[in-house]
Amino acid sequence: MIKILFAVVLGYLFGSIPWALVIGKVFYKTDVRNFGSGNLGGTNAGRVLGKKAGVTVIILDGLKAFFVVGLCVLFVPEAAVYAGLACCAGHCFPIFANFKGGKAVATTFGYLLAAGLFVTHEPIQMFVIPFVIFMITLKIWKMVSLSSIIGIASAALITTLTQSDLMITVSIWILWAFVTYRHKANIERIRNHEEKKISWM
1 MIKILFAVVL GYLFGSIPWA LVIGKVFYKT DVRNFGSGNL GGTNAGRVLG
51 KKAGVTVIIL DGLKAFFVVG LCVLFVPEAA VYAGLACCAG HCFPIFANFK
101 GGKAVATTFG YLLAAGLFVT HEPIQMFVIP FVIFMITLKI WKMVSLSSII
151 GIASAALITT LTQSDLMITV SIWILWAFVT YRHKANIERI RNHEEKKISW
201 M
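To convert, note that position 81 of the sequence shown is 81 in full-length UniProt numbering; the numbers rise steadily by one, no gaps.
Hints in this document: simulated from the structure, not taken from any laboratory.
Just so you know, nobody snuck in bad clues.
Mimicking DSBU-like on lysine-lysine, the simulated pairs with C-alpha atoms at most 30 Å apart in a straight line are:
no. : residue 1 : residue 2
1   : Lys139    : Lys196
2   : Lys51     : Lys184
3   : Lys29     : Lys51
4   : Lys52     : Lys29
5   : Lys196    : Lys51
6   : Lys184    : Lys196
7   : Lys184    : Lys139
8   : Lys196    : Lys29
9   : Lys29     : Lys100
10  : Lys197    : Lys139
11  : Lys51     : Lys197
12  : Lys52     : Lys184
13  : Lys29     : Lys197
14  : Lys25     : Lys52
15  : Lys142    : Lys52
16  : Lys52     : Lys197
17  : Lys197    : Lys25
18  : Lys139    : Lys51
19  : Lys184    : Lys25
20  : Lys52     : Lys196
21  : Lys25     : Lys100
22  : Lys142    : Lys51
23  : Lys25     : Lys142
24  : Lys25     : Lys196
25  : Lys142    : Lys184
26  : Lys51     : Lys25
27  : Lys142    : Lys197
28  : Lys142    : Lys100
29  : Lys52     : Lys100
30  : Lys139    : Lys52
31  : Lys197    : Lys100
32  : Lys100    : Lys184
33  : Lys197    : Lys184
Ranges between beta-carbon positions, derived for each pair:
no. : residue 1 : residue 2 : range
34  : Ile4      : Gly38     : 32 to 40 Å
35  : Phe99     : Lys29     : 23 to 31 Å
36  : Gly36     : Lys139    : 19 to 27 Å
37  : Ser164    : Ser199    : 37 to 45 Å
38  : Ile59     : Lys29     : 16 to 24 Å
39  : Thr160    : Phe96     : 31 to 39 Å
40  : Val9      : Ile140    : 39 to 47 Å
Glycine included, every Cβ here is placed at the ideal spot set by N, Cα and C.
Required output: the full structure, derived from the provided sequences and hints.
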């Protein structure tokens, strides 16, 4: 139990690393919280700092959960799911950025990739297909928020239909509900036809 608790705390702390804030301040002398949506995620970093910075933040945010789950599988396998969830929570409520972070989309996809590779050994079902669905949705509707919700929902549904590991399945549904809740303002804008659309795809 102590090992699991330790892994969860480390997962949260690792998830709390605000890469959008770090990259903005170190390389661009800009606090992304003061611009755009004020969100510490890859989408807002891309809008404020440019495409290169946005892609970098997305990759680093995804790697947070990927490494947390991967390390847990090596040393405390029973804590992998809990630490992965804690990492996603840390991204949204980072102790290093006054508990105001991102929306955990990239971090959740990092969790899906790690869980698929190291836990269920089904990366195509758990990561590749949901990511493709995310990209197709993004191509059609041009809205990152909507694509994120649909992509992660597909991961939860696919896992429910194909996996026997109940904890993995429950964890992905939790992340989908969490990500959807974090996008509540975006959902309202979608309903009002006011949501911002990407222009690069």
